[in-house]
Amino acid sequence: MSTRQKLLVALIFFVLLCVVSGIVALSDWMMGTPDNPSAREQRARVYAGRAIETGAELYGRLCVSCHGARGEGVASVAPALRRQDLFDGRRARELRWTESNEAFLQNTLRAGRPIPSRADVYSARMPAWDQEFGGTLSASQIEALVAFLTNWRADAPEVNAWGIVPAPARTPATTAPQAGVARVCWGLSAPYAGKQSPYRLDDKTILAQGKQIYDDKCAACHGATGKGDGPAAAALNPKPANLTDKNFMRTLPIDCHFFVIAEGVRGTAMPPWKSLGEEAVWKVLVYTRSLSGVP
Amino acid sequence: MTLCYNLRVSIQQCWGEKFFRGNSMFRREEPRRSRLSAKIVSFLGDLSSAQGRARIAQRTSQTVWSVADQATRAITAGLSLDDVRALWRGEQDPAVYARVSSRAFWTHFRPQAYLQSSIKVSHTFGFGFFSVLFAFVQLVTGTLMMFFYEPSPARAYASVVKLVTQVPLGQWLRDVHHLCAQLLVLFVLLHLLRVYFTGAFKQLRRFTWVTGVLLLVLVWLIALIGTRLPMDQTVGWGNPNDVLLYYLLHTGILPGAGLLLVAVHYYRVARLHGISLPAGEEESPDATVREKAHRRISYFPDVWAREVMWIAFALCVVLTLAAFVLHAPLAPPFDAEHLQNIVPWFVLWWRGLVNTPILLPILVGLRDGFGIDLMPSYDPMFWQGYVMPILFVVLLLAVPYLDAWWDKMWNRTPSRLGGNRKLSIALGLLALAGLIVFSYLGTLSSLEPAAAFAQEFLPDVCTPSFFPLFPPDCGEVRRIGYDGLPAGTFEFARYAAPSADRFENLLSKMYVRLQMYPDLADAQGALIVEEWQTHLKKITLRIRWTPRAPSESGTFEKTIYLHRDSMYE
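Chains A and B supply the protein sequences, listed in that same order.
Heads up, the first sequence is in my numbering, so the first residue is 1 and it goes up one at a time.
Heads up, the second sequence is in my numbering, so the first residue is 1001 and it goes up one at a time.
It is worth saying that the hints were derived from the structure and are not from the lab.
Be a bit skeptical, because a hint or two may be false.
Claimed, not checked - Which stretches of chain A does chain B cover? Using the computed rule of at least three CB atoms under 8 Å from a CB of chain B, they are:
1) 13-20
2) 23-29
3) 136-147
Unchecked claim - Rough simulated footprint, nothing fancy, chain A against chain B, three-plus residues with beta-carbon under 8 Å:
4) 1044-1053
5) 1082-1091
6) 1125-1139
7) 1246-1255
8) 1490-1503
9) 1545-1552
Idealized CB from N, CA, C, for every residue including glycine.
Bound-form chain B, shown alone (with noise of 0.2 Å):
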């Protein structure tokens, strides 16, 4: 059967008479008009002899096929129960698979055909595609979640808590929403690495890379945003009157701009370039092996079924890590005195810019070198938290651009292959190597050297691990919980050995570790759990240390509480 995108032909014509006629669709029978009356006295009738009961067990199973048949067309957009049949035992009709390519909505905007070779799973890890997996569970979780969320200062936090604690598998949403974020810019930073690395932004590619930098942006400021719309303590950052604006950011205009750009992202995969295939293979001196990389393999069945499975296997493995293992965390409400700024993962290397003075050296160059003294107007945070990171971007928007400079310039035709291109590969390991470097100095807390012990073991609020989707550290005081701290002062240096009770064994290993402070000269310190109110108890920790700098105090002090109830992993 042939397509018929040609509209002077009429479409009866095209399609042919007995497709019309066999399609539940565009049949048009008369209605048979019979009255009920006559349809039981008719129906009792057969009952009575063994010929009538053929008859209506035949009737009855024609209608159940038919409604089975009917209902399969209108799921599958076309597909008989009998293709669906030939579908299972693996026999193959392209003219029924093109049928269902080019008429359903969902699958019309996937190409008809792949090259066998491009999407072998050991050549682009499937990044691209979970990534608009995890984005559809977002754009799904999110929409829920707005049902509950209450965009206003005063009442998002509260907000927050009811979701969790009163609408059935609120936690449920909170978690999926919380896990897939970290995943969706973890497997679009990794789509943009498997990109860069395999030079798969090459010459027709070139814009679309364009498009994927600025959805890692996009994707990027959406998820930092949404941590700001809980409103709890761990984001020091922006206006918290301003809830509206990150919240409208958050759930329509970013997400809408992406929609767009993954529009035109997937639009030049689909019908412009297609998926790149290996290098090697693409590039291959063998004539044979180029040929074998460009056989074909049909979207439908084949890739489409692969799909299946693997939509199938990422649901079940976030749905049940989201239900068992990885909880969306949730800190105390917000509170201006009490920030802790906490920032997730993703963050972490822009922290640590920020806190280094990377451009020190540079100025110190020009001011003793050139006489050009630009440190009056250093400000780290502008100039390494804002210019730095967008210009970092810019670089990135222009790589396949530069890249097509450089071949020109040197006379080179463009490839693929690693071997020809070791400078971008060079500077692809550079800028990974300073994601990896920036983000590990994001981690180091600036913190006065008794504030990051009472950090270690009581700390204000749980604090995110370092590797992604890890669990947070709520500190092993908070661990024990409100049974194992029994009331009391417990100096540290009588509990200086090991022991088998856990809160015995806590306290010498805060003896081991307060010695392993060395800014704490012949430090003490004691732990004080009192009895506060019914079912709390407060915890004090007080070090006491020989001060260095007459400015020191030479104590420290932090208090937090425990109530019962209040669970913390």
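Same shape as in the complex, but just chain A (with noise of 0.2 Å):
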């Protein structure tokens, strides 16, 4: 090949990776119409979707035991996330938010309610989401939830999450210490005080439904094996309690520790069970108690 030719061939290339780099100009940039978007706006959508695949990964992991699977709420747990005054603003408005409806969900996700909006009605308090609040989601998994849920939008329907269910009657906790009891027992009034539970605590049918009942509502949090360390409980504060703690459960009795699974714990983000009747809180009650071995 003369000199001349290898320089033919390589103006050929040349004028070849122009005409390429013309065409992927052409397509990611300037041809771009509401109609007919540029590649690059399509990239866009495609990630757009992949965030709200994320989410949804996300979305069933960390926030169903609380919100419902589908947002449709926990009843006295935590309110519905499926609602139009959520997306349209009218939430943002009357928490007296100014900035975009998408800043609120995203602030609310990262940061939590450090104070419950609503104590009486929903006990579960939410808790802060971002690393740097000291949660376990990166900035880019808040965007994903947040593209997750507002996804709703075009269907979501109109519902009253917040004047439902009336404020529960708590058991003050203002009586006298009891030595060797749990601070949240103290004081422990009826219906609760002395309750006994009807199933035997070695019974195996029993323990498997409680299996069942732990594992779908309860593990997120307490952890698979009841250590406190489920995928959800980085984020908490105060953490889960660990269930496998035995000098724990022991100042925990029964009555009490029924008191606690039904209505919860306040100040933390055990939301009250009682929803679920009285017979699944026995029965996760009994095989929580398995856990530690503590009768």
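Bring the two chains, given one by one in their own frames, into a single complex with the hints.
Now the structure itself:
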């Protein structure tokens, strides 16, 4: 090959190179119209779709235990998320929020609610999820979750999340301290005081049913083995109780344990579960006590 | 013309008066001063007569020529337009070409001539040349991406998404960088193999080999650390909070060290020993063959033109592939609960090495034969993951010295001919076979059978293919896409026969494949597709089988979500 031929071949490839660059530049950049979006705009849609998938996966892992599988909420635990006022800005305005609605959702997820909005209606406290505030999620994951939540916008029903359940009667904890008993149990009154389990603590079928409820509702925070190390636990303060800790479980008599599960613990993320029905609460209680072996 | 390196002679004497007067770089002329109005008047006057018009035409053409000539000289470091024309016609003027070789920055560190046989494509395959080219592409694309990347754990992923969705040509930039990174690792490895198998590391080239091996290690580390920077789910090693450290290693420290090493490596090749000749020609018993092999070819314009051609070809191929075929993957954001630990192809051998207890027989032998029990301190990650690769690199560094020592021990003249280096070549083939075998072992999954089945059809994230430069696999369920998945519960057993419908055919494929897992006795599977949200479907795979051990649960469930817009290939 002579020098001239080599340079000609080089020229041909450089021209091809320019053509390719031109095609990419045009498709990426210049030809975007609303009807015929540019490649870059199409990619933005692709990544928006993937963010919704990521958000769905995170929601299924971290949020369902309090807000329900499809955002319908859990009675007396946490409000519904699939409701119109959350997406059209009414809820944000109610809270005197002046920035965009998306920022409202994002910041609620990031920082949680230091003080519950309505402790009388919903007992669980929204924890802070962002790593910057001691949670477990990165900024990108929070964005993905918000993308998933706002994807309900089109068909979210009108739900009155704040006025349905009357304030549950709480046992005041202002009574005299009792030695060897957890603080939450002090001065336990009717109908909880003296309650006895209808099931034996070593009943195999009850244990199996209790485990099912536990895995479904409790494991997210208390962990699969009960050590208080579930995937959602890292974001919580105070931390979920370690149910395998014998010393701790000994300070929790059975009647008080039932009270704690049924009514939740004020000031923590432990929600009341009495909406599951008394039987279910007893079953999960039986299983929970088997984790530490304390009768 | 002779080149003047002796500065005691004045430059003017050396290069000759004519050169300085003829060269615009040194010309000092008094600027002609005339009034603009006088110029306009004389121009209009000229326009009115035929002679005047001819004068204008002549002046214009002179000006155009002189501007073009000066521009050409500036670009080519001294070639006039006439010289370029002569070059194009194939007329050789060694003096002119020597001027280009010594005076232009980019050509001054190239040799002025090559041995003709040493640059045969069939001898070197240009591996080293293309490695430098891809490294240069990495430098350019990497620098451009540094304008958009934010090296913080919270912002890194979002900044990469921003790069590909909001920056014009951002995706292309990332694709080119991703593709050239793989090509660079591949070509540096191939370069090493070529040098090893042609015995081109002997004698003068021993230390060059050492710098080359260090460069291979550096390139490998830079490429590996580069996979960490987007902070997606695919990387399970290292501390996610150390992303600034990884960023600095990837963009500054390691490439800086690489640049220094390339300088040493190339300086030795260009100034000390040149590219090796084909061994058969260099050591031929026939004197005329030896003599022919030493024939010289000037760098400019012969080798230069060839290189321009190959650069244009390689850039064209790489940029086209990156634009239309091979796209850099980006998994969902980093999630400590959901790590995939997917390794790129050039790290597979390492995973295979760590996962295979190859040191165990030696330890057992030591314990049973000699009573030395090292079993309690056997940690595969430490011994096989770190000690063995480091020892191998040290061995690789020592190759030319061991080789020389071996020749000396048997009192042999060093020879590069394959026939005289049978042991060396056998050892090289053994190492290559080990690389391939361990890479294969690294692809084997350690998942439970049910999870492995799920991974085949709906993997957590797209997994790269075993062969480098092939697109990743996102699973057939994702490939069918949102629109191809009807809502409902689909038992595999009811779709056992192949079907023309793509979805039903997938179900029958899954049915057949599930039977191929011997550990899953009487396995029954179902795919449950639910409309989950606007344009979002939830796909659950459920498998039931008869457990063999009481510890097995006998059920498996996995869920993925699929959005209408999230096109997977």
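(request) Check each numbered hint from earlier against the structure, then list the numbers of those it violates in ascending order. (result) 4, 6, 7, 8, 9
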